[in-house]
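K.L.:
Take a look at the letters that make up each chain.
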Amino acid sequence: MNKTATWMVVIVVVVLGLVLLNKSPEKETGPIKIGFMGPFTGDLANIGKNAQAAVQIAEEEINAGGGILGRTLEVVYEDDQCTGAPAANAVSKLINTDKVVAILGATCSGATLAAAPVAEAAGIPMLSYCSTAPAVSDAGDYIFRNVPSDNFQATFGANYLVGKGLKNVALVYIKNDWGLGLKDALKSALAAAGGTLVAEESYDPTSKDLRSQMTKVRDATPDAVYFVGYTDGTIAGLKQAKELGVTAPLFGADAWDDSKIWSSLGSVGEGAMYTLVGTNSSDEFKQKMQAKLGAPDLIYCSNYAYDGLKILAKSIERAGATDGEKVKDALYKTEYAGGVSSDEIKFDANGDPTDANYSIKLIKGGVATEMVE
Amino acid sequence: MGLLPQILANTLITASLYAIFTIGFNLLLGAVKFFNIAFGGAILAGGYGFFLLYKILNFPLAVAFAGGILLSSLFCLLSYHLIFAPLRARKSKNFVLLIASFGLLIVAQSLVAIFFSSSFQPLAKNLETLTYTLGGARFNIIQLVTFLVALTLSIITFATLKWSRFGKAVRAIKDDEEVAELSGINTKKIIGALFFVSGIFAGVGIILFGLDTGVDPSLGLTFILGIVAAVIVGGMGSITGGILGAVIIAFFQNLAIWQFSGDWRDVVVFSILIIVLIFRPQGLMGERAI
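Residue numbers (our numbering), protein chains in the order written: chain V, 1 to 373; chain P, 1001 to 1290.
A few of these clues could be false.
Computed spacing ranges between beta-carbons, pair by pair [as the list claims (entries may be wrong)]:
| # | chain 1 | residue 1 | chain 2 | residue 2 | range |
| --- | --- | --- | --- | --- | --- |
| 1 | P | T1152 | V | D98 | 53 to 61 Å |
| 2 | P | E1128 | V | E344 | 39 to 47 Å |
| 3 | V | A64 | P | L1057 | 40 to 48 Å |
| 4 | P | N1126 | V | A85 | 54 to 62 Å |
| 5 | P | N1126 | V | G245 | 14 to 22 Å |
| 6 | V | S137 | P | D1263 | 20 to 28 Å |
| 7 | P | N1126 | V | E74 | 42 to 50 Å |
| 8 | V | A85 | P | D1263 | 15 to 23 Å |
| 9 | P | K1093 | V | G245 | 50 to 58 Å |
| 10 | V | S137 | P | K1093 | 49 to 57 Å |
| 11 | V | S263 | P | I1083 | 34 to 42 Å |
| 12 | P | E1128 | V | G194 | 31 to 39 Å |
With a straight-line cut-off of 20 Å between C-alpha atoms, the simulated SDA-like cross-links for lysine to any residue are [said to hold, decoys possible]:
| # | chain 1 | residue 1 | chain 2 | residue 2 |
| --- | --- | --- | --- | --- |
| 13 | V | K216 | P | F1252 |
| 14 | V | K260 | P | E1128 |
| 15 | V | K175 | P | V1197 |
| 16 | V | K216 | P | S1261 |
| 17 | P | K1055 | V | S259 |
| 18 | V | K260 | P | L1052 |
| 19 | P | K1055 | V | G366 |
| 20 | V | K216 | P | G1135 |
| 21 | V | K216 | P | L1008 |
| 22 | V | K175 | P | S1119 |
| 23 | V | K260 | P | F1115 |
| 24 | V | K216 | P | L1134 |
| 25 | P | K1033 | P | V1197 |
| 26 | V | K175 | P | S1261 |
| 27 | V | K175 | P | D1266 |
| 28 | V | K187 | P | S1261 |
Derived coverage of chain P by chain V (criterion: at least 3 residues anywhere in the stretch with Cβ under 8 Å from a Cβ of chain V; other residues may be distant) [claimed, not checked]:
| # | region |
| --- | --- |
| 29 | 1009-1018 |
| 30 | 1124-1131 |
| 31 | 1210-1221 |
None of these hints come from the bench; they were simulated from the model. Remember, it's a predicted structure, so these values are computed and weren't measured experimentally. Where is the CB? At the ideal position from N, CA and C, for every residue including glycine.
Isolated chain P, as found in the complex (with noise of 0.2 Å):
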């Protein structure tokens, strides 16, 4: 049996999750322009929501689901209220906005470790799950459901931002937030709502990973560092360029561990990051791209 196949499937899974991840990131990124290191609070607001509801409450996975996707969502939209809304209104720097996010993101984890102690939590409550083979790749049913997710959510997302009146007034403020705001767009309403459908991202993302693997505080750190490489390698706020980000930060990190060692991951991944920066600064698809 040939490692190729499986090496793939590894990849494949990672890539979907840091899909969804991006496509929430990047939405953002897009129109507020700076980037929200607090996205990571919302991953961990959700994953912790879930934890929460599922496996202390014992409230139904669907129940669990929604409410931890809606907590994660929330967080995103009183994080944008409380802090960047107003911050955003005295015209401060993108910096600035970039250093309150990243408080935003300690507090949450801080919080979360005070609560839920800072060890690691498995989201199921059986870790036998059903496994698959294609092609000499094995993969679980949690793993298929998060590749199949990514794929719709992708799409869903492609297609509003292409074709509804919505994803036009979305555009047209990432191309440029005055002119938008000029030309009868309700600037603010609209970015509160992007604050919210970020959460969802997160919400949707960490719950599939925790159930696939499990949540601990430090993972809203851990999955930003990624999430900033893959969309700087694809391309800051758009869509595509995200997801062609998470596929190729996927491959290598698989690459690296596959042909070198575990050390090598991130000496490879961010190395990429750098030569990117250097020589096709506006990332693979180009900021332009949706």
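Okay, chain V solo, but in the shape it has when bound (with noise of 0.2 Å):
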């Protein structure tokens, strides 16, 4: 036996014993980690952190009734700054590092999308509690979401404002994946119910001038604007709009539900309007939200992130194992009810909600209230 093979032979006795010494039976005594990822830092670090205190009053709630199959649990939090890179860093931590057995996130759609791949390859079921984009659907078997498609709240934009005679919509979107898919969304949503675009203008997500945009939509004079912008670009560019001359009724979608905006935004935020997925908030929630935040703040996505939490906690409960294949299985067959997201939540093929139902928000002296018609 010559030195290479001996060698050789030393070499996969090592690596198989490093392999075994790893696949050390799980400590079945501690506690279920579930890895929770939102943007606590940059544009939309509002909406992160409403939903992080959310997951924080639905974990004590678990604790408080006996944990996770008698074991308790803890969320380990991530920021993934709603970007694509960090969301990849983030979601390789939670997994490698903190071992989680699932992940509740993203907020954003592209670090969803990011995120998706690696949670997919390692066989760990992950649920948004936010992202929206259409892309999302097809993100994998492990990929979930409890908020419905843009497919949906684009349908039902697009209806409200044909409905409302408002035929020539002028678009300015983001240029990120969410408004990409929320246009295209929309494009079509607007041509099946019979609209016509005028306009359609993009900027950088790092961009707060978008007077050159404006102006072009000023010039198209359209009978609505349909908005598709994050907290800060919408800021600066709902300003721009009002001093340019933009006539038009503003019109934007769920990520307009940052109280932010309308607090930054004062009186010029008057009157503009936006989709809103449905919730289901109760009065109890909305006092636990205020005396954890100290303040009255509840964004949409925080009731979503509340019940995935909790949609997590009993799938891996029916599971009855932390195995991923399993929770991934049991995810399928959830029948939540009775939550403060939507009245029931079913996943379809895609892992998608299987119904969404939404309303419209007006903003009416700096707050968002729900509009009667």
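Put the two chains together into one complex; each comes in its own frame, and the hints tell you how they fit.
P.N.:
The structure is reproduced here in structure tokens:
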């Protein structure tokens, strides 16, 4: 036997040993860890922190009720900055270092789409509580969400506008996964509803100067402006639109459900409207959030994040194990009712909710209020 | 209503802001001959100093304005005494100074994000501002003030460089620092003063911008990219060149959005930068112009 062969044997033995050591039986007594991903810094930090508070409430309630499979639940929180690369890092850290058994996240579609392949490859179920881009439907077998796809939102929005006689619509959208997804969905929904797109303007997620875009929108004299934006761009863009003399009604999507936008804009935001997926906020839940945050602030994603953690916990309970594949199979059989998000949550074959209902919010006196028809 | 008047107004608004920044940047560049990327840090110091004084501590506007500008100037002055002066005394290469200044910008950006969070903050207390219409173009009062400030500062800087003793000393250093020192000019003192003055421009620019739009920690780097492009196009170290560069960059930014779409803005701007570097590396005005 020559030297090379001897070394080969040694290497094989060492590698096998390492692999086997790693496979040493999982501790069945420690806490069960679930990872949470959301933006704690950047554009949507307000939404991420709000959702974190809701998840903390759900975590405390689950543990007060005896935990999962007789073990305590521990949620590990990671900042994904609402961006692809940090999200991919966050999900790797959660899976490889923290050894989470499931992931609740992310907020932003871009972050979810970047993290999904990592979770899918590792066989760790992932449930997004806020990512609405249509592309999330096809992100993988282990990828779920309890918020409905933007295809529903775009159809609802387009039908509402055309139904009000606002047929000529100008579209302004943010250039990221969410904005591009909603743009495509809105274009086809608007055409189906019988409306016309009179302008289509995009802006970079980091840009706060939308003056030239808004100038073009003004020049197209639309009946309404559909503005797909995140918090920062929306604050700057709405102000600039008003100053440039855009008088058409301004209409947005669910990301406008951030109290920071309307408190910053004050009277400038008056009269703006946006579509929002329905929630089932009980007074009890609102009070719990207020107690947690010290101020009354509840963003819709937080309702879905709260229910999301409960859905994951129940699925692990029903699976009877923390094994990723079993939890995934249990998730597909979810029938969750009585939560604070929607009446009942079931998943289709894509891991999307089977049902969606929307409402329209109107900005009045610096706060978003449910519009009564 | 045609689009052209508004596009020209938008150009003028962007150009005014960049003109303020490039004057500050070029004053220093002419004398020290390295790209002080930490100018972006001074922008952040001014913007967030103002934010702290005006929106958190509720000082009057004028006090906060002065405080913000003082902070960005002190940032520049301290960076000179603690970092750049020792490196220059050691005859470090300009490349080393550039890297050090880049490091300083990243430190400033991260510190701002730690203390103020990285989310966007409008500096104005009320976003509803007075707007005017002139020849089909609409602009608000802060944009008008920015234009007037840019115009005033350009004239003052030009006159100071051209006719004052201080200006002559600065131009002598720009031509040749060693010769200037041999002829009795206290070059260290003058360069220290230039750092301080360049901070004033950073502070004025960002506060006006923040009152119109808002600030976030990534702005330091964003503005530096635009400033460097304008400075290279116009002529490195030339005050008038920088202003011309600012106008050109602003015009093509707005033209790109108007004719194509928002995505094309940086493609067009940085293509111009490359074209100028190839065909007129000294910049449109040349490096020797004031």
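K.L.:
Output the indices of the hints that this structure fails to meet, ascending.
P.N.:
Going through the list in order, the structure violates hints 4 and 15 and respects the others.
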